[in-house]
Amino acid sequence: MPTLTKEIVPGLVATGASCRIDEDVAPNFGIGDAVEIRNINPVTHTRLPRYVRGKKGTVERDHGVFAFPDTSAHGKGETPQHVYSVKFSFQELWGEDYADNMFLYIDMFDDYMRASS
Amino acid sequence: MAHDHDHPHNKPLSDTELRVKALESILLEKELIDAEAIDLVVETYETKIGPRNGARVVAKAWTDADYKSRLLENATDAIAELGFSGVQGEDMLVVENTDDVHNIVVCTLCSCYPWPTLGLPPVWYKAAPYRAKVVKDPRGVLDEFGVALPEDTEIRVWDSNAELRYLVLPKRPDGTDDMSEEQLADIVTRDSMIGTGLVSAP
Chain A
770 MPTLTKEIVP GLVATGASCR IDEDVAPNFG IGDAVEIRNI NPVTHTRLPR
820 YVRGKKGTVE RDHGVFAFPD TSAHGKGETP QHVYSVKFSF QELWGEDYAD
870 NMFLYIDMFD DYMRASS
Chain B
364 MAHDHDHPHN KPLSDTELRV KALESILLEK ELIDAEAIDL VVETYETKIG
414 PRNGARVVAK AWTDADYKSR LLENATDAIA ELGFSGVQGE DMLVVENTDD
464 VHNIVVCTLC SCYPWPTLGL PPVWYKAAPY RAKVVKDPRG VLDEFGVALP
514 EDTEIRVWDS NAELRYLVLP KRPDGTDDMS EEQLADIVTR DSMIGTGLVS
564 AP
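Here the protein sequences come in this chain order: A and B.
Using the working numbering, the first residue of the first sequence is number 770, and each one after it goes up by one.
Using the working numbering, the first residue of the second sequence is number 364, and each one after it goes up by one.
It cannot be assumed that every hint is accurate.
Claimed, not checked - The calculated lysine-lysine pairs, modelled on BS3-like cross-linking and capped at a C-alpha distance of 27 angstroms, are:
1) 393/B with 856/A
2) 824/A with 499/B
3) 824/A with 384/B
4) 775/A with 534/B
5) 423/B with 775/A
6) 534/B with 374/B
7) 856/A with 534/B
8) 384/B with 825/A
9) 845/A with 496/B
10) 856/A with 431/B
11) 496/B with 775/A
Unchecked claim - Where chain A lies over chain B, by a calculated footprint (3+ residues, C-beta under 8 angstroms):
12) 437-451
13) 485-491
14) 516-527
15) 549-561
Stated by the list, open to error - Listing some non-contacts, in silico: residues in chain B with all C-beta distances to chain A over 12 angstroms:
16) 431
17) 458
18) 506
These are calculated hints, taken from the structure and not from any lab test.
Glycine included, each C-beta is placed from N, C-alpha and C at the ideal position.
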């Protein structure tokens, strides 16, 4: 691995390193699809917070194809897949006594979701 | 005692300070980084990159309708037009506050934050109380920040848990029609671009 030197810093700061992957992967879901977040409990790195597991939401936006941190963080490959903005009502997340004009948007990978009826 | 002033000379380092020092030593010993590179990263985020960048994006969006539509359509490219891009801003999304909708950004898993436009996150943004509470009681959090919104304002909380980073386009306050883009940039606050604040006219 090369040493991070002073000379590399400005370029690194200015360009960054997107986890977006330029690969043609078919999306599992479309905008407006009803989805259910899988109730899985990975013991290693994940971007799936516990509070949305098992909850039902709607796909609002397709962000494109990204590396999947649950595998890439462990050197197990990028597993490229679509990431979506998924919308949940607070009533679904926290209970029916919440106001009906409060929503949570979170970015979900294909492997976190299944179709919901 | 000859030494009778009250500041501690040898206060033990906190766990976090010790951990950072240990990590830094290992990275230096393994020649993965050099000390000047660390200094330059720190200096860059202390003096060059911060919320004034985001304020310029907001002020331009308030005064240039075409820019605003580009910003809402493809935030990464529109923000790069002003020269702001790079680490933790590779894939940006801008969400717009209106009379009917208020947006708030959080990273419940850690502290993800749009560095090129806002710099490094404030301590409260990284702290568990904000991260845990804002996804469950955003109005309570807003109240702690002194922000009260009408009951019929829709609240949208954005959890930046994955690779997208979010910037809130705050509402332009009334009574600012005569202000220039530069003057408007001066009144845009960091918190208004996270969603925990509103912008007020001067």
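Consistency of the hints with the structure:
Between residue 393/B and residue 856/A the alpha-carbon distance is near 44 angstroms, which puts this suggested pair outside the 27 angstroms criterion. Among the hinted pairs, residue 824/A with residue 499/B is consistent with the structure: their alpha-carbon atoms are about 14 angstroms apart, no more than 27 angstroms. Distance hint between residue 824/A and residue 384/B is unfulfilled; the C-alpha atoms sit about 41 angstroms from each other, more than 27 angstroms. In summary, the hint linking residue 775/A to residue 534/B is not supported, as the alpha carbons are separated by about 40 angstroms, beyond the 27 angstroms threshold.
Restraint check: the Cα-Cα separation between residue 423/B and residue 775/A comes to about 33 angstroms, which exceeds 27 angstroms; the hinted pair is violated. As the CA atoms of residue 534/B and residue 374/B are separated by approximately 46 angstroms, the hinted pair breaks the 27 angstroms bound. Among the hinted pairs, residue 856/A with residue 534/B is consistent with the structure: their alpha-carbon atoms are about 22 angstroms apart, no more than 27 angstroms. At roughly 44 angstroms between alpha-carbon atoms, residue 384/B and residue 825/A are farther apart than 27 angstroms, so this suggested pair is violated.
Of the supplied pair hints, the one linking residue 845/A and residue 496/B is violated, its CA atoms being roughly 34 angstroms apart against a limit of 27 angstroms. As the CA atoms of residue 856/A and residue 431/B are separated by approximately 24 angstroms, the hinted pair is consistent with the 27 angstroms bound. Distance restraint check for residue 496/B and residue 775/A: the Cα-Cα separation of roughly 40 angstroms exceeds the 27 angstroms cut-off, and the hinted pair is therefore not satisfied. For the segment 437-451 of chain B, the assignment as covered by chain A holds, since 4 residues bring a beta-carbon within under 8 angstroms of that chain's beta-carbons and 3 suffice.
Note: the segment 485-491 of chain B has 0 residues with beta-carbon separation from chain A under 8 angstroms; the three-residue rule is not met and the coverage is violated. Under the rule that three or more residues need a Cβ within less than 8 angstroms of chain A, the assignment of the segment 516-527 of chain B holds, with 12 such residues. Coverage of a stretch by a chain is defined here by at least three residues with a beta carbon nearer than 8 angstroms to that chain's beta carbons; for the segment 549-561 of chain B and chain A the count is 0, and the condition is violated. The Cβ of residue 431/B sits about 18 angstroms from the closest Cβ of chain A, beyond the 12 angstroms cut-off, so the non-interface label holds.
Not every C-beta of chain A lies more than 12 angstroms from that of residue 458/B, the closest at about 8 angstroms, which undercuts listing it as non-interface. Every beta carbon of chain A lies more than 12 angstroms from that of residue 506/B, the smallest distance being close to 14 angstroms; the non-interface claim holds.
In the structure shown, a violation is registered for the earlier hints numbered 1, 3, 4, 5, 6, 8, 9, 11, 13, 15 and 17, in ascending order.
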